[in-house]
Amino acid sequence: MLEISICNLPLHSSHPLNGNKRNFLTYCSEAILVVLNNVFGGGLKDFQAIALAAPFAEGVDRNGCLCGALAGALLAVGLFLGSSNPVGNRKSVQVASGMLMKRFKLRFGASCCRILSKKDQGNSVPVFDRCAQQTAEAAAMAASTILKHRPELKKDVDFDYLNARDSVVSGFFKNTLRRTGCRI
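Add 1416 to the 1-based position in the sequence shown for my numbering, that's all there is to it.
If you're looking for bench data, these hints aren't it; they were derived computationally from the structure. Backbone N, C-alpha and C define an ideal beta-carbon position, used for all residues, glycine too.
What follows is a list of derived Cβ distance ranges for each label pair:
1) K1521 - K1564: 15 to 21 Å
2) D1545 - P1567: 29 to 35 Å
3) L1522 - H1565: 15 to 21 Å
4) K1507 - N1579: 33 to 39 Å
Assemble the whole structure, with the sequences as input and the hints as a guide.
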């Protein structure tokens, strides 16, 4: 699995998790797509990745629906698994996306932002810390899914971009790359 850290994710300047050196003014969904696009060479400009993922931030415009981190991860899977032949690869993209969603739900118990960010009586971890962890792990899950289906992307990983990030996401990316045989 790629080592990913929340510090690697370029979060919105007002986001409590923001504290990294680069500031792309992005939320969870946007951050995942920006990072995975850059690390694997998806071909999108940062503003395009942000624009594509923007509707999914904070559970689709703060409605608490689909978790933005999961949505960003799914967008990245679609970008890399469907890119060469979107119609012909549709079924494999859907299967891979379904497996990613299943892993996410198994790990966190839900795919709904409202449920994931709800204050639990017994949970001492602050909501934004949980969001950071979910974002980092969703990015790692997407990265491992992408590399499982597109192992040739390992040779094109942009380590300069990845190493310039100071986050949990970069940590997860690096760890994932190590597990898939990449030397860092």
